[in-house]
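The whole structure should be built from the sequences, with the hints applied where relevant.
In order, the protein sequences belong to chains A and B. Oh and the first sequence: position 170 is 221 in the numbering used here, straight run, nothing missing. Oh and the second sequence: position 199 is 516 in the numbering used here, straight run, nothing missing.
What the hints contain is simulated information worked out from the structure, not anything from laboratory work. A few of these clues could be false.
[Said to hold, decoys possible] Computed cross-link-like contacts, EDC-like style, restricted to lysine to aspartate or glutamate with a CA-CA straight-line distance of at most 20 Å: (1) A:218 <-> B:525; (2) B:470 <-> B:507; (3) A:218 <-> B:376; (4) A:218 <-> B:507; (5) B:580 <-> B:627.
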Amino acid sequence: MTHPTPAASAAQGAAGAAAPSGAARQAPTLRRRLPASTGPFVALVLLCVVLSIMSPSFLSWTNIFNIGQQVAILAVIAIGGTAVIVLGGIDLSVGAVLGLSGAVLGFLFVNTGLDIWAACLVALAVAAAAGAINGIMIEYGRLPAFIATLAMMSVARGLALVVLGGKPLSGYPDSFRNLSVHYVGGWVPMSLIIAVLLFLIAWAYFRWRPSGRALFAMGANYEVARLSGLPVRRLTIGVYTVAGLLAGVGGILMTARLGSAQPTAGTGYELDVIAAVVIGGASLAGGYGSIAGTAVGVMIIGVLRNGLNLLNVSSFWQQVIIGVVIATAVLVENLRQRRAARA
Amino acid sequence: MKRLSVITAAVVAASALALSGCSEGPASTEPTAATGGDDTITIGFSISTLQNPFFVSMEEGIDEAAAASGIEVTLADANDDPLKQANDILNFISSGVDVAVLNPTDGDAIVSSVEALNEAGIPVITVDRRAEGGDVLAHIGTDNVTAGEATAKAFFEAIGGKGKIAILEGVPGASSSIDRGTGFENVLADYPEIEVVATQTANYQRSEGLTVAQNILQATPDLAGFLSMNDEMALGAIEAIRSAGKGGAVKVIGIDGGADAVKAVEAGELVATIAQQSALMGSMGIEQAIKVAKGEKIEKDQPVDVIVIDESNVDEYL
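This is how it looks when you write it as structure tokens:
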């Protein structure tokens with residue numbers, strides 16, 4: 052620990068163990084030993100307390116599991132979003148790739164009569180391919196991530212509209228719809244279980260796999276990471292491929308949940324993903340973020356939308372409030388990081 | 318500085334995409350110069366968006382009428398963007414269409430385009446939404462206020478004229494949301510025993526309709542039903558009711574008459590869907606435009622009836 056390499060110090064951030072840089076060595080106060088996602092977590096708890104005082108129906112098991120089901124799709128996509136943002140990149144195409152994956156699934160099952168699970172696999176492959184193309188455009192084409200994924204957003208949304216001819220396509224078997232609408236034990240939505248499992252896998256990956264920790268090093272300083280021998284190209288393409296694949300999973304869950312493949316499904320999801328990851332304490336400059344923080348960020352968005360509906364707040368004010376919360380969360384996190392760096 | 322240049326590049330790329338979008342749309346269906354003699358009629362149809370089933374059916378009506386009469390129709394999709402629509406209409410003027418049929422994205426924003434067409438001497442017909450100014454030869458369509466009124470009436474009768482209801486709103490500030498909402502308000506005034514406990518937007522989307530309906534059901538367990546501004550949100554609400562185990566107890570109504578909604582009416586999950594006959598509006602638009610091009614006189618106001626598709630007549634629309 053005396054001379055932390057960029058990879059090692061960034062890996063600390065990954066585990067959410069302490070503030071980055073060697074600051075942790077001096078005066079390990081309580082605040083600095085807390086995980087990085089503590090701030091957003093406290094905000095989430097406060098939000099829940101306020102909402103349960105204001106709305107009697109907020110704090111009930113059905114409502115809590117409702118929120119779980121409502122955020123499950125966003126949560127799955129936000130896993131990929133965390134990896135992309137830690138890498139210092141951005142993925143604007145995930146909402147559109149979600150739509151494309153659902154469209155491919157719907158078209159293959161309803162129009163060509165392919166087996167539903169085979170159709171799911173093709174949909175996942177298409178989504179992963181879209182992600183891989185993003186990665187290849189960024190690494191080999193030297194396109195900024197913003198541009199490559201902006202282009203993919205347009206292409207994938209266009210293809211989704213082409214595949215479905217602009218219209219929703221319905222008629223799926225119950226076995227498939229259960230992916231999202233089945234409640235395990237009558238309470239826990241299946242989609243929530245899928246999201247939680249994927250989160251645990253992602254958490255373990257960031258915590259223990261060397262390549263998971265390498266992502267933080269690349270986000271902190273790409274050149275240093277490359278010169279120290281990390282397979283930066285392979286990792287970048289891998290991360291964008293996984294982000295695409297997870298957007299594909301989102302598309303399948305969305306189709307199962309609605310019982311309908313929709314060409315406009317997932318419009319604007321990319322912005323929710325970025326908001327969730329950033330509320331969770333990640334830095335858009337890269338090198339910093341945590342999967343637990345993202346989970347909290349996703350919950351804050353879900354709880355806020357649910358609570359504002361329960362309170363019947365007008366849609367105009369909802370937009371204002373959500374914007375203020377995003378800005379406040381990032382402001383507080385920035386202050387915390389700056390203070391930790393100064394100490 | 319580096320960040321600034323990235324943003325600049327992003328903006329340039331985005332506008333390049335948008336521009337390529339506009340030039341491609343009309344070009345693919347543009348009449349070829351070879352066949353463009355003086356006796357050939359060309360019609361420009363500017364449609365507000367093709368990313369919505371309602372307008373996709375309108376396009377089908379347009380195609381049908383165009384194929385039946387064998388005339389050239391240049392169709393331009395505005396992607397719900399008033400600026401793109403204005404540009405599309407400028408293209409109509411420069412390519413010299415005989416008649417312009419407009420389905421405005423926004424009744425106010427279209428006015429300057431209507432005036433430009435007036436100046437160029439091209440007759441204008443509006444479809445579905447009206448233009449708030451300029452010289453318009455004829456308007457074809459049901460307005461959304463009427464559709465909203467018909468929907469609210471059918472719904473309040475179905476729930477017995479009393480109880481707690483929730484309204485699922487469309488895109489906040491969109492003209493269709495405002496007009497359908499006005500229609501709801503007009504009828505609500507006649508039903509004092511109906512209580513609106515929640516008015517929430519689900520942006521015309523099925524997935525958001527599901528989420529919002531789920532939340533409202535949580536807040537109001539004794540809800541009588543959802544009055545929805547379109548079918549997509551109504552279908553989302555049906556999913557929410559089903560997963561709450563309240564099938565049959567909470568009623569839902571939608572507007573648009575889409576295929577999925579008609580199926581839901583047949584299954585007894587949707588009280589009714591109020592169809593605005595967008596395909597008929599599309600085909601009438603073309604037929605009337607041909608009359609205008611041939612110099613015939615047409616009626617200034619051409620209302621298209623709404624159809625209430627409920628269990629009594631659902632078989633005809635399946």
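What are the numbers of the hints the structure violates, in ascending order?
-> Of the numbered hints, just 4 does not hold.
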